[in-house]
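Asker: So the sequence lines, in the order shown, correspond to chains V, C and D. Using our numbering, you'd call the opening residue of the first sequence number 366 and step up by one each time. Using our numbering, you'd call the opening residue of the second sequence number 51 and step up by one each time. Using our numbering, you'd call the opening residue of the third sequence number 231 and step up by one each time.
These are calculated hints, taken from the structure and not from any lab test. Note that the structure is a prediction, hence the values are computed from the model and not measured. Misleading hints may appear alongside valid ones.
[Stated by the list, open to error] Derived DEER-like restraints, expressed as beta-carbon distance ranges:
| id | chain 1 | residue 1 | chain 2 | residue 2 | range |
| --- | --- | --- | --- | --- | --- |
| 1 | C | 223 | D | 283 | 48 to 56 Å |
| 2 | C | 333 | V | 366 | 53 to 61 Å |
| 3 | V | 434 | D | 298 | 48 to 56 Å |
| 4 | C | 293 | D | 298 | 51 to 59 Å |
| 5 | D | 310 | C | 286 | 52 to 60 Å |
| 6 | V | 699 | C | 345 | 52 to 60 Å |
| 7 | C | 333 | V | 478 | 52 to 60 Å |
| 8 | V | 434 | C | 333 | 34 to 42 Å |
| 9 | C | 293 | D | 303 | 48 to 56 Å |
| 10 | C | 232 | V | 434 | 33 to 41 Å |
[Unchecked claim] Only part of the chain C face toward chain D is listed, based on derived beta-carbon distances under 8 Å:
| id | residue |
| --- | --- |
| 11 | 102 |
| 12 | 136 |
| 13 | 330 |
| 14 | 332 |
| 15 | 347 |
| 16 | 349 |
| 17 | 350 |
| 18 | 351 |
| 19 | 354 |
[Stated by the list, open to error] To list a few chain C residues with every Cβ distance to chain V over 12 Å, as calculated:
| id | residue |
| --- | --- |
| 20 | 212 |
| 21 | 335 |
| 22 | 408 |
| 23 | 464 |
| 24 | 507 |
| 25 | 521 |
The C-beta atom is built at its ideal place from N, Cα and C for all residues, glycine as well.
Residue strings, one per chain:
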Amino acid sequence: MDILKLTALELGEKIRKKEIAVREAVDAVLARAEAAEPVINSYVTIDREGAYRQAAEIQKKIDSGEPAGPLAGVPAAVKDNMCIRGQLTTCSSRILSNFKPAYTAEAVENLRKAGAVIIGKTNMDEFAMGSTTETSYYGPTKNPHNTAHVPGGSSGGSCAAVAAEECFLALGSDTGGSIRQPSSFCGVVGLKPTYGTVSRYGLIAYGSSLDQIGPITKDVADCAALLEAVASHDTKDSTSIPREDYRFTEALADDVKGLRIGIPRDYMGEGLDGEVKEAVLRAAEVLEERGASVEMFDLGLVKYAIPAYYTIAAAEASSNLERFDGVKYGYRASGYDGLHDMYKKTRSEGFGAEVKRRIMLGSFVLSSGYYDAYYLKALRVKALIKQSFDRAFEKYDVILGPAAPTTAPELGSSLSDPIKMYLGDIYTISVNLAGLPGMSVPVGRDSRNLPVGMQLIGNVFQEKTLIRAAYTYECATQKQFETPAQIGKEA
Amino acid sequence: MAKQYETVIGLEVHIELATKTKIFCGCSTEFGGAPNTHTCPVCTGMPGALPVLNRQVVEYAMAIGLATNCRITQVCKFDRKNYFYPDNPQNYQISQLYLPIARDGWVEIETGAGRKKVRIHEMHMEEDAGKLVHDEWDDTSLVDYNRSGVPLVEIVSEPDMRSAEEVIAYLEKLRMIVQYLGASDCKLQEGSMRADVNLSVREAGSGKLGTRTEMKNLNSFKAIARAIEGERERQIELLEAGKEVVQETRRWDDNKEHSYAMRSKEDAQDYRYFPEPDLVPIVISDEWIAEVKARQPELRTEKLERYKREFDIPRYDAEIITESKRMADIFEETAALCGKPKKAANWLMVETMRLMKEHDMEPEDLTFSPANLAKLIELADAGTVNSSVAKKVFEKIFTDDVEPEAYVKEQGLGMVNDEDALRGVIEKVLADNPKAVEDYRGGKEKAMGALVGQTMRAMKGKADPGMVNAMLKKMLQD
Amino acid sequence: MANKISDETIEYVGILAKLELTDEEKEAAKSDMEKMLDYIDTLNELDTSGIEPMSHVFPVNNVFREDVVTNGDNREDTLANAPLCKEDSFEVPRTIG
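For reference, chain V alone in the conformation it holds in the complex (with noise of 0.2 Å):
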């Protein structure tokens, strides 16, 4: 039996079963990643020393018959964004390239709780900017299914990991698609909860209105197990929404009769791949058949959502990002005259192309004069396109479209142009704006064999529904996930 051809919750079937020791589900993805690791990139820091430790300690209340959660003993993976106590966590920046956090983030201690044993810190975008995990200080991930294409981003090393076998699910994080446009590159399933559902406490903000944790996994089962073990009410994270029904695995159910999806026909026009398009029509059609009713209508204000969110995103991206001093963790320049020089070289120095580019934009909307114009008008557009999802979901249950508007792009080939790079966000952004959960799943390959995913979009706290036309997507068509192209010395 090859262990890493298992789902998460399969994997975690056979361990409590005894089938399968967590000590070889860890050598299992230990081995694939020493395969791997050269050629794709996945991780920042691998952590074999605590992913054994862990595995021994889980095996150790397994065996005492102590009662075990779905997915007690399975191998995990965490962006490099989130803190774990004594652990490097580096946002792929070089101003944090030996930071070791004194406590853990809500979300990874709920994910230690059920039993997951962490591997390690997958790579990123700097500080979850960027679009392909090319602007990570630690080199570029690569896509496990055509290394010469970029995995998206930012979350793209936790969605290659998962799609290259290293691990058997990951968190991400999203601010403005960063789980769900690199799933959909790596073919894998992610989802970006109601704004609220995971606790940000731990998580290294980016864009605090916007930033979201969730899960990226083989299946649609694993999404909601992995969702079910992170979600919580955590009392130190103020935005953390009380939620009554936690029990998202409830929605597995292959039934989606009397389903009313919508598909903005805004998202089907320019810019969008025809490859893409004809794929996601076809899941929609396969959804059709199953019994939910489907529409094309006019969502609207599509194209003020990238805008809108660069200038919020920016504006609260350069404020969290002043803590970044050299003063009290992270990367301090040597050789500095006073200090005002000390916080320019060590920021300057720390800080790459990208987010740099961010924090300038974001001061310059902040700064007065300029507040009203710029931060404020952008904060009435979120309004605006929060109003016309609510429109939206009086009629739709779900909203369905493309995750992005092609299938992954070539290395080197976006960071040229940002304008075009943060394009590719345009139907994942609206979301965030709006707080709302997304989902991508695979729905098949382009001609090149590069997966395409679909999107869904809930209304709020709907995130059951999604589950469940997802699900009910991937039984009519059988699917798992996209297997990888062979990579490494294995090949």
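Given chain V, put chains C and D in place with the hints provided.
Answerer: Frame of chain V, contents of chains C and D only:
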């Protein structure tokens, strides 16, 4: 004729609230403590840490707002104020700009010139910064975040004050109100009350405001008064010389009695305020306001009324005692314990005030317990100690808070009421002072005084003077 | 191109953001910012009069903690990552002359 100038002053007063924990985390606010011992990821700006608002901060702020006649902002929010400085670990301060908790209030002050209202423009909640210690020798500063995140309210007045006297009266009034509410101890020397002075001058009679400067680093009422005088003179000199006053922030150096401009190219003073996304709005219902009002402790006017009713102490004493909440608390507790309000008031008015002056202390610095003062009053009343011994014991209570009964016993200060012991001493005094005895017997009543004095001296002050008197008379008659 | 960013503006924003850009980076930043601001200016096509700026998506309010001390002496953790540290404090270049 020289021009007459009027000084126009507005104040920004920062007050540290008396909460047990910081505004956004569960760290202690206790003063002192070794550097960085009262810290956590939140108040040191660790990546990923998030603030959660302390409810008590809102309640104290509401109470102060209500007691200063402000309108409470029923939907209020926090904003971020962005500026780089090492005492500010996030390099932004969580404060309030757009929707501060209270607005449009006033307090009444009284000076030699009479009574007047000073209007309050707004009051907001914010977090305090850490402490910087400068190393003279190696060109570095050291940062301690123990104070980082201690809750503050900042009370911004309108430019309604015209003299240092009015400024001090305003500050004293604010301090009294806040102390009465129990919302802060308002100790200037520990920095739990701080004032920045906005000052401009204009020709008397002019309706237009001059250009103002803001002065920081004022640590005492005396420094504030000196800084106002110094800055007034500096501005007038500039104007007289035909120069302009520059709007800027200045740092007062009380030792040099001079202020310095704090401006540098790196201080752009562009704080880029925006709504704090990590905190949610505060919605204050009418019911909540009513609750805070109902819980409001007795303020000074009410206290004065009650003292008159309950304790029958002179109005003047009551006024002095209630000037500080701390003093009033000591008084009430002492009176309740010993049941002798007049005596309690007396001890505070005379001995306590004298010792405070001697030690250069504020009422807030008093550390003795009312229980010990009450006990001392009882001991004096019971005749266990005489009044001069009682004063000595009180000095010890004042400085070291000793338990008087044990102290008296230990030091052997109790009055000797043993007739036999006293008889022996008196016999010796009479034998040693034949002249005085003769004088007294010869009708010179005054000679009695000398004999009493001799006896008291021999008893080391511990005898009851009344008893000595009576026994002497009796023995001289024999 | 409607927006024009001057050298002074880039300099000023650099002071606010504590970033020191090389001349080359400054030119790039100017052009980037001009393009982004032009893009952001498309928001002006929307009439937002009467629309309240939305900072929080959900009407959640009054999230408080009680005033109870929960943290002890965390000095070691606080200082563990300090680039420079002396006498249990963070060491920085002298802040006032």
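Asker: Enumerate the violated hints, using their earlier numbering and listing them in ascending order.
Answerer: 1, 3, 7, 10, 15, 16, 17, 18 and 19
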